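Protein chains: 2
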Amino acid sequence: MKLKYIALVLLCCLTIDNITAQKAKTDDQDVEMIRKIYDEALGKGESYQMLEFLTKQIGARLAGSPGAAAAVDWSKETMEGFEFDNVFLQEVMVPHWVRGQKEIGKIVNSKMGSVEVNVVALGNSVGSGPNGVAGKIVEVQNFDELAALGETGIKGKIVFFNRRMDPTLIETFEAYGGAGNQRGAGPSEAAKYGAIGVVVRSLTNALDDHPHTGSTNYTPNLYKLPAVAISTNDADKLSRMLKDDSELEFYFETHSQMLPDKLSHNVVGELKGSSKADEYIVVGGHLDSWDLSQGAHDDGTGCVQSIEVLRILKAIGYKPKRTLRAVMFMNEENGLRGGRKYAELAAENKEKHIAAMESDRGGFKPLGFTFTAEDKQVERIKGWAPLFVPYQIYKFDTGGGGADISPLATQGVPMIGFYPDPQRYFDYHHTAIDTFDKVSRRELELGAATMAALTYLIDKYGL
Amino acid sequence: MKLKYIALVLLCCLTIDNITAQKAKTDDQDVEMIRKIYDEALGKGESYQMLEFLTKQIGARLAGSPGAAAAVDWSKETMEGFEFDNVFLQEVMVPHWVRGQKEIGKIVNSKMGSVEVNVVALGNSVGSGPNGVAGKIVEVQNFDELAALGETGIKGKIVFFNRRMDPTLIETFEAYGGAGNQRGAGPSEAAKYGAIGVVVRSLTNALDDHPHTGSTNYTPNLYKLPAVAISTNDADKLSRMLKDDSELEFYFETHSQMLPDKLSHNVVGELKGSSKADEYIVVGGHLDSWDLSQGAHDDGTGCVQSIEVLRILKAIGYKPKRTLRAVMFMNEENGLRGGRKYAELAAENKEKHIAAMESDRGGFKPLGFTFTAEDKQVERIKGWAPLFVPYQIYKFDTGGGGADISPLATQGVPMIGFYPDPQRYFDYHHTAIDTFDKVSRRELELGAATMAALTYLIDKYGL
Numbered sequence: 001m002k003l004k005y006i007a008l009v010l011l012c013c014l015t016i017d018n019i020t021a022q023k024a025k026t027d028d029q030d031v032e033m034i035r036k037i038y039d040e041a042l043g044k045g046e047s048y049q050m051l052e053f054l055t056k057q058i059g060a061r062l063a064g065s066p067g068a069a070a071a072v073d074w075s076k077e078t079m080e081g082f083e084f085d086n087v088f089l090q091e092v093m094v095p096h097w098v099r100g101q102k103e104i105g106k107i108v109n110s111k112m113g114s115v116e117v118n119v120v121a122l123g124n125s126v127g128s129g130p131n132g133v134a135g136k137i138v139e140v141q142n143f144d145e146l147a148a149l150g151e152t153g154i155k156g157k158i159v160f161f162n163r164r165m166d167p168t169l170i171e172t173f174e175a176y177g178g179a180g181n182q183r184g185a186g187p188s189e190a191a192k193y194g195a196i197g198v199v200v201r202s203l204t205n206a207l208d209d210h211p212h213t214g215s216t217n218y219t220p221n222l223y224k225l226p227a228v229a230i231s232t233n234d235a236d237k238l239s240r241m242l243k244d245d246s247e248l249e250f251y252f253e254t255h256s257q258m259l260p261d262k263l264s265h266n267v268v269g270e271l272k273g274s275s276k277a278d279e280y281i282v283v284g285g286h287l288d289s290w291d292l293s294q295g296a297h298d299d300g301t302g303c304v305q306s307i308e309v310l311r312i313l314k315a316i317g318y319k320p321k322r323t324l325r326a327v328m329f330m331n332e333e334n335g336l337r338g339g340r341k342y343a344e345l346a347a348e349n350k351e352k353h354i355a356a357m358e359s360d361r362g363g364f365k366p367l368g369f370t371f372t373a374e375d376k377q378v379e380r381i382k383g384w385a386p387l388f389v390p391y392q393i394y395k396f397d398t399g400g401g402g403a404d405i406s407p408l409a410t411q412g413v414p415m416i417g418f419y420p421d422p423q424r425y426f427d428y429h430h431t432a433i434d435t436f437d438k439v440s441r442r443e444l445e446l447g448a449a450t451m452a453a454l455t456y457l458i459d460k461y462g463l
Numbered sequence: 001m002k003l004k005y006i007a008l009v010l011l012c013c014l015t016i017d018n019i020t021a022q023k024a025k026t027d028d029q030d031v032e033m034i035r036k037i038y039d040e041a042l043g044k045g046e047s048y049q050m051l052e053f054l055t056k057q058i059g060a061r062l063a064g065s066p067g068a069a070a071a072v073d074w075s076k077e078t079m080e081g082f083e084f085d086n087v088f089l090q091e092v093m094v095p096h097w098v099r100g101q102k103e104i105g106k107i108v109n110s111k112m113g114s115v116e117v118n119v120v121a122l123g124n125s126v127g128s129g130p131n132g133v134a135g136k137i138v139e140v141q142n143f144d145e146l147a148a149l150g151e152t153g154i155k156g157k158i159v160f161f162n163r164r165m166d167p168t169l170i171e172t173f174e175a176y177g178g179a180g181n182q183r184g185a186g187p188s189e190a191a192k193y194g195a196i197g198v199v200v201r202s203l204t205n206a207l208d209d210h211p212h213t214g215s216t217n218y219t220p221n222l223y224k225l226p227a228v229a230i231s232t233n234d235a236d237k238l239s240r241m242l243k244d245d246s247e248l249e250f251y252f253e254t255h256s257q258m259l260p261d262k263l264s265h266n267v268v269g270e271l272k273g274s275s276k277a278d279e280y281i282v283v284g285g286h287l288d289s290w291d292l293s294q295g296a297h298d299d300g301t302g303c304v305q306s307i308e309v310l311r312i313l314k315a316i317g318y319k320p321k322r323t324l325r326a327v328m329f330m331n332e333e334n335g336l337r338g339g340r341k342y343a344e345l346a347a348e349n350k351e352k353h354i355a356a357m358e359s360d361r362g363g364f365k366p367l368g369f370t371f372t373a374e375d376k377q378v379e380r381i382k383g384w385a386p387l388f389v390p391y392q393i394y395k396f397d398t399g400g401g402g403a404d405i406s407p408l409a410t411q412g413v414p415m416i417g418f419y420p421d422p423q424r425y426f427d428y429h430h431t432a433i434d435t436f437d438k439v440s441r442r443e444l445e446l447g448a449a450t451m452a453a454l455t456y457l458i459d460k461y462g463l
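Chains as they are written, first to last, in the UniProt record's numbering: chain A, 1 to 463; chain B, 1 to 463.
Treat the hints as calculated values from the structure; they're not laboratory data.
Don't take every hint at face value.
Since the list can't tell identical chains apart, any single copy or any two copies may satisfy a pair.
What the hints assert, rightly or not - Once the Cα atoms are required to be at most 25 angstroms apart in a straight line, the calculated BS3-like pairs of lysine-lysine come out as:
hint	residue 1	residue 2
1	Lys382	Lys395
2	Lys36	Lys395
3	Lys56	Lys438
4	Lys111	Lys352
5	Lys319	Lys438
6	Lys243	Lys44
7	Lys44	Lys237
8	Lys276	Lys321
9	Lys56	Lys237
Please read all numbers here as calculations on a predicted model, not as lab measurements.
With the sequences and hints as input, model every part of the structure.
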């Protein structure tokens, strides 16, 4: 009996020893390589300078705009400047929505007279034209309340969707998702009941004067209502005033329009693989941004971090087995045409993608990654987690990835979402204040290093 | 044999089950209570409003200043307003250093003529007086280089300490520590070799125009040299110019002086314990700040978070077993008199402190805590770590705590340092830009909730 126990214990020890030994062997190299990656990013990083140019010299770059075209040129030249093995464009036709002149929003018949509020047209929305939209305004929190009011309560009026993001959710993207249908589907839902326009509370936990734009999606065969986002401070003001006076009237004017599709491009930079050059690992962000801002956190940071991943690995002399691609996707914000085109071409060219990573949650302090992949792939990555602890990278969870790489994921490619801390993202998201100065150099650099470290491990060990 | 194995497996299962059951029992209550704490902080939090008043209405509050006195009054009134069980002051004599009129710094004989640079007097430093300090300037990286130059190379000159914080260190406080002796001991080291003044590179990884003040400590019986911190951009400029022209001369003028000690106060708010009222748990920050700024991250955030811990626990109806104290320590920045006084009084009054927690690393996204305590106490706290994972709190490590609670730690009290992400702290630390707008409401609130959750667990289970 005793012997058997001993045997059992020995068996356990041997197993543990084997694991430890195996792990230690790879760890020693990996520990050193990952340290080099972070040293390069933090000591000789280029991501911050790249971001400064992209945001301050180029600035806003909505698909189809001159800014987007300039960003395409800049990405190509930048990656060529770093002497990547191959840099090329992928042609893609993109929607071309333009905002036109600045929007007007006001409460017209309050006791205080006319009260101006901060609004912006929702992305892809039709314009009101110069005569604007004027009428009584009705506040609802959700589509159930809208349906309950029905045509009787809604027809001929402006609908004001005022549901807050839930501030108690730690995962702000979940809170965003919980309020998002107001912006995405609100205009078409309101159209069902004969509304004449829509005002949506900005999707943010912050209380301030900056309205947040973002796409709305019209349901086919329903009347397209003009629609604006209102700043949270003004949403609260409007709601308070409506409680005092339900006869309030609202006026807004938008001049947006959808022009014919336009030719644009994804930009791809490659480091060619040595032994498995026909296997691809994608690291990407989206090059387009909303028209209101410099598109710093959304998604200038993701673009420069993706370029930086390849630059770092090249700079420290790492020779990848697989072909690594930094991909600047075009038109994530209002069409996803670039992401779709990339996946389409990958399928057409029978390119074997072993992983696709995206950074599109801002350039904040990196916490880790989330995965949409097979269990064994997720387990493999989780096994590398201890390597990241010295860099205060802790989160390796399932779920999500990135919009631009999701068309690849539908082809079965493991999808990896870079996960920076999500607390500040929606303070800036889709607003005029998503600017260079909101990005911390160290947070940006740490993010790039963290992405490079995982890219290195996937390249070395496969997935 | 087989039976024995089964017995063994059963034993294992039972043990695991017992642990799980035991844990689950406490976890269920704790999970719920911690959720309530975060809900209160994020949904009905008061920390941000408190911080706004403390930073924007009161502002700078160096020990002995009118701002510090106003902050004492405000803390007392605020905690009384929340109807804590007991709010009181502890008298403490503090140093009273004043900066006087704005400093001047310039390179006087460069090829471009006189070049102004951004400097501030180091805290506690003597002033140069209206005639300033003028002379050749010698750059060194460390005290070894200084010693190598010796009296021959240093006498009659200004010493320029220009060692960078190491940007590759993830732990920025370690990088700060690695460069800190230039500011703390540089003036006295330079005095040994007959220098006439000292210029120190600002302690930050950021490259900008904001000089960072902070205390210097003169060695007794050595001549006290006037000393300034220079912004990192100007330090780099000066270094470049010195490489071109080693005969450069520098001029600086400071008007600081140390006045006689002044009466000030720690401010203490209490929630009285139910069953163990004579056991104390301290949660604190320091009320004083440098004179240059609003003292937002250093340490307005720590103060309002400490008050918020008690407010949250009271608001959700938690009745502590032990007496919980929010302590606003006075004079951390240039004397630590408040922290010493608190510990002195605790000893004098034979108060049994079971733990002391401090928030003095900024109001950034909380990552966890660090501990200076006995192993079993650290292990106990680490056992609670899973409760924090849903809130993205991951770090529970040994080391450090807080300056103000360190005198308690020398009495054997377990010391807990709240640990927010350290990447942005030194961008603002001790500068004019440590202002309210640099604080993220959500990060601040999450920090307060995280501190409250640990306070609750320590109160409930002891340590």
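Taking the hints in turn, this is what the structure says about them:
1. Lys382 - Lys395: both (9 angstroms within a copy, 18 angstroms between copies)
2. Lys36 - Lys395: both (22 angstroms within a copy, 24 angstroms between copies)
3. Lys56 - Lys438: both (12 angstroms within a copy, 21 angstroms between copies)
4. Lys111 - Lys352: Classified as neither: same-chain Cα gap 65 angstroms, cross-chain 61 angstroms, threshold 25 angstroms.
5. Lys319 - Lys438: neither (34 angstroms within a copy, 41 angstroms between copies)
6. Lys243 - Lys44: between (57 angstroms within a copy, 22 angstroms between copies)
7. Lys44 - Lys237: Classified as between: cross-chain Cα gap 19 angstroms, same-chain 48 angstroms, threshold 25 angstroms.
8. Lys276 - Lys321: Cα proximity of Lys276 and Lys321: one copy only (5 angstroms, versus 63 angstroms across).
9. Lys56 - Lys237: between (33 angstroms within a copy, 24 angstroms between copies)
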